[in-house]
Amino acid sequence: MKIFQQSSEFDYSWEEVSTSNWRKYGPWNEKTPHVIAVDTISRTIDPHTGILRTERLITCKQSAPKWVLSILGGQDTSLVYETSYVDPAHKKVTMCAMNITWSDVLSVRETCVYQPSSSAPDAKTNFVQRAEITALCGGWQKIKNSIEQFTVERFQQNAAKGKEGFEMVLEMSRKVFAEQREMLRLQQESKILQEARI
Amino acid sequence: MSASLAPECNQVKEQYDNCFLKWYSEKFLRGTATSDECESLFKQYEQCLSKALKARGIDSMLREAREDNRENDAEHMRPKP
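One line per chain: the protein sequences are P and E, in this order. Numbering-wise (the working numbering), the first sequence opens with residue 1 and increments by one. Numbering-wise (the working numbering), the second sequence opens with residue 1001 and increments by one.
These are computed hints drawn from the structure, not numbers from a lab. No experiment lies behind these values; they were computed from the predicted model shown. Be a bit skeptical, because a hint or two may be false.
Chain P residues, not near chain E, derived (Cβ > 10 Å throughout) [to be verified]: (1) Ala37; (2) Leu52; (3) Lys66; (4) Thr83; (5) Gln115; (6) Lys161; (7) Met168; (8) Leu184.
Computed from the model, here is a short list of chain P residues facing chain E with C-beta under 7 Å [claimed, not checked]: (9) Tyr12; (10) Thr19; (11) Gly26; (12) Trp28; (13) Glu30; (14) Thr49; (15) His90.
Below, a list of computed lysine-lysine pairs in the BS3-like style, where the Cα atoms sit at most 30 Å apart [claimed, not checked]: (16) P:Lys161 / E:Lys1043; (17) E:Lys1027 / P:Lys91; (18) P:Lys24 / E:Lys1054; (19) P:Lys91 / E:Lys1043.
Glycine included, each C-beta is placed from N, C-alpha and C at the ideal position.
Work out the full structure: start from the sequences and follow the hints.
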């Protein structure tokens, strides 16, 4: 088993981060073209805790090299099952993801947590990401090690791109939100705009 | 917003995603959500998507994944002191 772990901070409030998180893989993110679809498959609120639980299915375009595909089987897309838990009272988002393609030969389990940063809880958000990668296929240890090593490296590259892309989404969300507020303000102040109903 | 894995569901998915995001930021995070206002849109989206998941055999993979995820549910749905 190999472990990938990182933590960092976003210069945005927890509310902004947790909202933008839902559009992380949208058109504002130019860094993660390998994510081609994100579908919500269930969503519920726990009546006792108020926790919002969401299940999503994430479709990725496969770009593994030939030697990996020859071992794992050659499919052009891979699927990830993600459950997330948003606790609004404790301001905590936890996201758990696992691969469902190739799950008989490779297990990738990731947990991400977003919480207000202790240094500036109203302005910054702390992000912790941890993934466990285990090759399950039978056969030589050497092959297992190579698969785990390849996967952890690819995971690391995608995590870096994911963070860069998420920064773009956060910036864009803040801009659009500010524009909407400004528009609303202008609309309330201007008679002409009110009549034009922009 | 992102696309759906089933292109025929894209339109209803986008409507639902927009509805959800508005509800999430304006009500859920502020603690004023009394119900899920986007439920009817979600049902339409779900109906479209479930056909595609079934046709591609993804529904059975999802059932297995849900089983594997029980520990996470138990840990993260637990009430905090």
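Hint check:
1. Ala37: Alanine 37 (chain P) not clear of chain E: closest Cβ-Cβ about 4 Å, inside 10 Å.
2. Leu52: About 6 Å separates leucine 52 (chain P) from the closest Cβ of chain E, which leaves it inside 10 Å; violated.
3. Lys66: holds, 24 Å
4. Thr83: violated, 6 Å
5. Gln115: At about 12 Å from chain E, glutamine 115 (chain P) clears the 10 Å cut-off, so the statement holds.
6. Lys161: The claim holds: lysine 161 (chain P) sits with its nearest Cβ about 16 Å from chain E, beyond 10 Å.
7. Met168: Nearest chain E Cβ is 14 Å from methionine 168 (chain P), so the label holds.
8. Leu184: Since the minimum Cβ distance to chain E is about 13 Å, leucine 184 (chain P) lies beyond 10 Å and the statement holds.
9. Tyr12: violated, 13 Å
10. Thr19: holds, 5 Å
11. Gly26: holds, 5 Å
12. Trp28: Hint on tryptophan 28 (chain P): violated, closest Cβ of chain E at ~10 Å, above 7 Å.
13. Glu30: With a minimum Cβ separation of about 13 Å from chain E (threshold 7 Å), the hint on glutamate 30 (chain P) is violated.
14. Thr49: holds, 5 Å
15. His90: holds, 6 Å
16. P:Lys161 / E:Lys1043: violated, 33 Å
17. E:Lys1027 / P:Lys91: Judged against 30 Å, a Cα distance of about 15 Å means the pair holds.
18. P:Lys24 / E:Lys1054: holds, 27 Å
19. P:Lys91 / E:Lys1043: holds, 28 Å
Checked against the numbered hints given earlier, the structure breaks hints 1, 2, 4, 9, 12, 13 and 16 and satisfies all the rest.
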